[in-house]
Amino acid sequence: MANITENTGHETTTGLDHRKLLIWAFLGSECMFFGSLIATYLVYYGQGTPGTPTPLQVLDIPTTSTSTFVLLMSSFMMVMSYNAISKGNVKNFRIWIMCTAILGATFLGFQFYEFREFAVHYGLTPRTNLFGTTFFTTTGFHGAHVTVGVIWLVSLFLYSYRGDLTKDHGLMVDIAALYWHFVDVVWIVIFTLVYLIPVGVSGGT
Amino acid sequence: MASISNVLRRPTSTTGVWGWITTIDHKKIGIMYGVSSFTFFLIGGLEAFLIRLQLARPEHAVVSPEIYSQLFTMHALTMIFLGVMPLSAAFFNLVIPLMIGARDVAFPRLNALSLWIFILGALMFQSGWFLGGSPNSGWFAYAPLTSSTFSPGNGMDFYTLGLGVLGVSSVAAALNFIVTIINMRAPGMTLMRMPVFVWMTLVTSILLVTAFPVITVGLIELFLDRRFGFNFFNPDAGADVVLWQHLFWVFGHPEVYILILPAMGIVTEILPTFSKKPLFGYPVIVFSGIAIGFMGWAVWSHHMFTVGLGPIANSVFALTTMTIAVPTGVKIFNWIGTMWGGNIELKTPMLFSIGFIFLFIIGGLSGVMHSIAPSDAQQQDTYFIVAHIHYVLFGGSIFAIMSGIYYWFPKASGRMLSESIGKVSFWLMFIGMNVTFFPMHFLGMDGMPRRQYTYDSSYGWDFWNLVATIGVFLLAAGVIAFVHNFFRSLRKGEIAGNDPWDARTLEWSIPSPPPEYNFAEIPIVNSRDAFWEQKQRGEAGEQGTGAGYGEEEHHDIHMPSPSYWPLVMAIGLTAAAYGMLYSYPLAALGAFVTMVGIYAWSMEPVTASEDH
Chain Z
6 MANITENTGH ETTTGLDHRK LLIWAFLGSE CMFFGSLIAT YLVYYGQGTP
56 GTPTPLQVLD IPTTSTSTFV LLMSSFMMVM SYNAISKGNV KNFRIWIMCT
106 AILGATFLGF QFYEFREFAV HYGLTPRTNL FGTTFFTTTG FHGAHVTVGV
156 IWLVSLFLYS YRGDLTKDHG LMVDIAALYW HFVDVVWIVI FTLVYLIPVG
206 VSGGT
Chain E
114 MASISNVLRR PTSTTGVWGW ITTIDHKKIG IMYGVSSFTF FLIGGLEAFL
164 IRLQLARPEH AVVSPEIYSQ LFTMHALTMI FLGVMPLSAA FFNLVIPLMI
214 GARDVAFPRL NALSLWIFIL GALMFQSGWF LGGSPNSGWF AYAPLTSSTF
264 SPGNGMDFYT LGLGVLGVSS VAAALNFIVT IINMRAPGMT LMRMPVFVWM
314 TLVTSILLVT AFPVITVGLI ELFLDRRFGF NFFNPDAGAD VVLWQHLFWV
364 FGHPEVYILI LPAMGIVTEI LPTFSKKPLF GYPVIVFSGI AIGFMGWAVW
414 SHHMFTVGLG PIANSVFALT TMTIAVPTGV KIFNWIGTMW GGNIELKTPM
464 LFSIGFIFLF IIGGLSGVMH SIAPSDAQQQ DTYFIVAHIH YVLFGGSIFA
514 IMSGIYYWFP KASGRMLSES IGKVSFWLMF IGMNVTFFPM HFLGMDGMPR
564 RQYTYDSSYG WDFWNLVATI GVFLLAAGVI AFVHNFFRSL RKGEIAGNDP
614 WDARTLEWSI PSPPPEYNFA EIPIVNSRDA FWEQKQRGEA GEQGTGAGYG
664 EEEHHDIHMP SPSYWPLVMA IGLTAAAYGM LYSYPLAALG AFVTMVGIYA
714 WSMEPVTASE DH
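First to last, the sequence lines map onto chains Z and E. Per the working numbering, the first sequence starts with residue 6, numbered consecutively. Per the working numbering, the second sequence starts with residue 114, numbered consecutively.
If we strip away everything but chain E, and leave its shape as in the complex, we get (with noise of 0.2 angstroms):
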């Protein structure tokens, strides 16, 4: 081997700390994935406790007006970047290659890369909080308030830096599952045989791919304007604000599908496994999930409904918006076809996924409403919409995560998760979630503004505020309650067995938790939900498809060997970021120590030859 890769062995170890830190399988990257991004989840929470606790009461100073600023902005920025997207990335990593019958996706060491520069561009990005403040112009970043001279310091920064970092990470993995999933299908799963759920990860992974380079075309606007003294945003040069609104949220709505195609693909898998019923309308059901993604690049207006772009603009959005609810109504009628008539099991994950059809139907409405335009001039800015994002993106999106953690935990760790503990979060989150946000409701449409620091007694919004942060303890308890169950689970849970729900997809033909090349044999798929149209043939055995899963036959899979050079690239990108703001020959050092991982990668053969 060339001289750069004999500097540091190739790792061979598999287990251990550096079997985890140097590891390619996608299951374990999964894992990773889902920890580290519900640690961040979790830390994203603790900053709304900390803004509710600030609004329960009139005038209350629980933290300064400038730490609440951040707090909002973090609050939201936290759980969109580091909360919902790497946690549904942690279910494509966990599951798309099993639900496809694939030994692990197209670019492992891809995907390694993809994980480290998530966990490091997400530390750097809340390092903030120690190093001088972190953003605090809300999470869309309305210029000029974000120009120099009137965002002074550095939070500003680690918006463009660290959202900047993240993006590579995001669109580094979504360009993998394309690929992944366009390419190492079974034999036989043709496109329309695919479980709902890879198709959702391939809508999502498009627009993740196209959107997120307009973000990054903002971010970098923005950092020149404030390091360089470009004019992009600089009104004094004659710079229009308003294209920073426009490629924000050109940007921001497909980011919006970002967060939900996935939640909608993850209840879409579990309400047939447990109405003991196909899919309603599997064709429909997908092309409306195409069809969401492909108009969420045409409603990005309606968030700049009272910006002043004039009636026309405000018609055509107000049109298109209205036309995006057909596809979501059409998906929610074939949920509830599915269950329709069917042998419902109350399991834990199946409580959260029709929670999840619960409340988003009720953030579905509440959306409705925004589209149109002189009704959405009197919503902007208040409680109603925050009422609106939290009944989508927690009742929505959260829901649905919580629902797929339950249901892929056995297959992931081979133990099942509390069952009676499970319903008790369940309940805490459920009721928990609507305390806090439905009385946003009528404090909105009552006028309170959001992002304000406090209030004064006689504006009457006293009651249902306090109300809303009595809701967060019950929503803490029911997060806690998880945590628990999470933890005793993993060393006391009851043994999953191959399939403990009698479920449809590939996945569960493989034991739990699956061997390193997942699939002994390339399973070969006749139908759509094959899997268990096999258990009723009468084919697949009491343990899955029966094939022998004994270690000793399968010697001759050659999976990935491990590599560090994904790790030193991102610690290079990380360290390049950090060089942008604090010194520039450190940013030199990045960039040379991503080259050193590029050059030293290329070099390396994906697997280690065995004279090692």
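This is chain Z alone, in the form it adopts within the complex (with noise of 0.2 angstroms):
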């Protein structure tokens, strides 16, 4: 991820790189993404087709709450390989983006298992109720931006055998981990609003 952009080499207005302003601003865009997803979700809550699988008959909040444990420590391993870089220890890099990619991945074998359950066991597919169509879309694309992110994380941990990633480079990393603590945050807002505020409200099931 070297280039990823480019920079003509002479000083910043704001002294920042351009890099770093462009990761802010596109984080801004995705607040707006997930936001517009969130709230079709929560317009929807409640409505559907009688009959069908509810929120408080499929949602299991000890399995969702593990794996939003998992991705918690992952953002903390993100903070260490950032740590290791800007100090130069690339081997200590390596170690931790690796654990960083591992629990992003387990992350999502947790959801792929999700899924999984509430199709085969409840039944509950994106064309089954509009609970079915805003859970999956919304937690579904949460899902991708994890994926992007384990992509990108892994490319970061192969680049540094090329051996010309350096403290210099620390950049790199920083945007990547922008972005993984962005994914982070948002599955918090996702995890209270699907998950816990329904659920915690009505008593559990």
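Hints listed in this document are in silico derivations from the structure and should not be mistaken for laboratory results. Any given hint could turn out to be false.
Claimed, not checked - Label pairs and their calculated CB-CB ranges: (1) E:W410 with Z:P203: 25 to 31 angstroms; (2) E:W131 with Z:D173: 47 to 53 angstroms; (3) Z:G56 with E:W410: 38 to 44 angstroms.
Stated by the list, open to error - If you want the footprint, here are the derived chain E segments under chain Z, 3+ residues with CB under 8 angstroms: (4) 146 to 159; (5) 318 to 327; (6) 332 to 341; (7) 526 to 538.
Stated by the list, open to error - Partial pick of chain E residues on the chain Z-facing surface, computed with a CB cut under 10 angstroms: (8) L163; (9) I164; (10) R298; (11) G365; (12) L541; (13) M716.
All values derive from a computational prediction rather than experimental measurement. In this text, a Cβ means the ideal position worked out from N, Cα and C, and glycines have one as well.
Join the two chains into one complex using the hints; note that each chain is given alone, in its own frame.
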């Protein structure tokens, strides 16, 4: 990911690198994207076809809490890997970033299990009812973002073996880390609004 | 270099066809944006021409009702997404780096990517005409008319996929310009010394980056409904079809300001130049632009006054809509204040700018009429609305864009457009515009619904419809005169020199057309209108800043090298979009090509090594 963006070399007005500004502006755009998806979910919450699975019947709080914990820990690993590369410790960087990617992949495994469980066990697919439609779309797009993040992290891991990922290239890791933390924060919002509050309000199943 | 970059040799040529295809120079990209989007503007005009021919007489049958529905839908979408927006982007590309004293945009290859996604996405969008039909639901595509039950065929899929692909281009370009404007200003150019066009580009880019994700979600939901049986807009599953209207207009109203704010920026550059006065009330005009952008998020439901959202929602949105007229009115007074007492030169760019103010006021006034919800209930879906949007979009945006083309053509090409043909084209367009669209106010007040295929003679709409159609011929003559002027002046136009208009901003301090690196020395800015003040103090020589521009002195300026990968990625993305319609293997292949493009791009150094 060396030169995913470019810079003609002279100093910038704000002193920040162009790429750092770009990722922040991009994340602003992503906020609106997930905001719209979550808004759709909330507008349709509790509406739909009688006799089809509802959130309270299918959502499994203990399992999803575990996967949420895994994803939050991956953010911690990400911080450690950035810390390692800023000190020029490529060896530790490789360990931590691989841990981050593995935890991200674990989260995806949980999601795959959850989706499969819903479909096989409860017969809930996106076509079943409004809950299925909005749930799979919202969490599915989040999962797609995690997938992109995992590919990005693995790419950085492999790139480090080319030997030109040094202390000066901390920014490349920093940008990937910003994206990774953002995806994490979005999950906290989704977990709260989609899983915790509805189940909490109703006193659980 | 890694193996993948050696598959294709790095392009090195900066001339010829490949030089244009692989270029990452913002000026060439701007020119390509301009030429391609003006071509789409002509296609959109042709669609409008057919609509007006159909409506020229009662019970006419120039086209079939189905084709007519596709025509009015595609006319709107073409003009908005393939005409006005990319024409604005052409000015962003051409002018912004020059105005802020930069050598290029922040991400030149990302800029090329935006261009190629736009061109290929636009061709894909228009290809619906030859592949079984274009969208026919109106540009707003209200659910559930757009469901696979009521809109079978591929027409609406060209809508979701085409607009989705074009959205990627717009957001990428907007991100690029946000970073460029915030981070690449010449030393001394503080925010409040930036030219107003730069300010309006910044506000527009922020609107694009925040508004497009909303419609993207709407398009994804519609696409999933149509192709995979999801239930987002399926009333049988209990879905609320008004959700689509909210998603669409939450995007759709900021979009209106995305279309008009760049136009306001262009006019704000041109009026002081030809009035020989500094801009009247610079901070006020900047803050009212920001206020318009901000308030643009709070007025969307005024498109939905007749949906039945209830009196409270209607009252709130009526009030916010009236409020947004205030900063708009402030700008108009600023423009008039700028001209007041000035030494006005009626060159063609100035004529178009004054025409803009005149027509935009008419459109703005009918806009305020629509803000009153009970009154809007009478006007909704009549030709009165058609008159309003054409006064603000054609009289507003397009007149400002024409003004900008006449103003910056010399900078881009090095030659002047002919003033005499320019004036002819202005008057034909100005008169044609009013003859076409003013009668629509009468037709709308008389109850003629918009988007209707034909009408009966007994309604009494014959005369004004015929007048409107005659106006289109005048309008078309004006556009043809401009196209003629364009091609004639490219070859035979008077040589422009650096600063043909005695203008204020930095782009006029360098040669026309500018060298690849723009500024031999990065200028230092001490005030607003820095170049003008410099000229008045007599520091600038006859030809600009007086800095030496000898080619041989500037071999040490390293510019980024051309690249294939933006084009490869754009091809991959467009192929993936077609694949979603026709075959999933093609979609997978497109996604794979896009991935290859991303990796090759990432591994490719910004500047090709010297030993190439």
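Here is how each hint holds up against the structure:
1. At about 29 angstroms, the beta-carbon gap between W410 of chain E and P203 of chain Z stays in the expected band of 25 to 31 angstroms.
2. One distance hint, 47 to 53 angstroms for the beta-carbon pair W131 of chain E and D173 of chain Z, is violated here, with the actual separation near 34 angstroms.
3. At roughly 40 angstroms, the beta carbons of G56 of chain Z and W410 of chain E sit within the given window of 38 to 44 angstroms.
4. Check on the stretch 146 to 159 of chain E: 0 of its residues sit with their Cβ under 8 angstroms from a Cβ of chain Z, so the three-residue criterion for coverage is violated.
5. Under the rule that three or more residues need a Cβ within less than 8 angstroms of chain Z, the assignment of the stretch 318 to 327 of chain E holds, with 6 such residues.
6. For the stretch 332 to 341 of chain E, the proposed coverage by chain Z is satisfied: 4 residues have a C-beta within less than 8 angstroms of a C-beta in that chain, meeting the threshold of three.
7. Counting residues of the stretch 526 to 538 of chain E whose CB lies closer than 8 angstroms to any CB of chain Z gives 0, so the stated coverage by that chain is violated, three being the minimum.
8. For L163 of chain E, the suggested interface contact is broken, since its CB lies about 35 angstroms from the closest CB of chain Z, more than 10 angstroms.
9. Residue-level restraint check for I164 of chain E is violated (minimum Cβ-Cβ distance to chain Z is 33 angstroms; threshold 10 angstroms).
10. About 5 angstroms separates the beta-carbon of R298 of chain E from the nearest beta-carbon of chain Z, less than 10 angstroms, and the hint is met.
11. Because the beta carbon of G365 of chain E sits about 13 angstroms from the nearest beta carbon in chain Z, more than 10 angstroms, this interface hint is broken.
12. Interface hint status for L541 of chain E: violated, as the beta-carbon distance to the closest one in chain Z is roughly 41 angstroms, over 10 angstroms.
13. For M716 of chain E, the shortest C-beta to C-beta distance to chain Z is roughly 6 angstroms, which falls under 10 angstroms, so the interface hint holds.
In the structure shown, a violation is registered for the earlier hints numbered 2, 4, 7, 8, 9, 11, 12, in ascending order.
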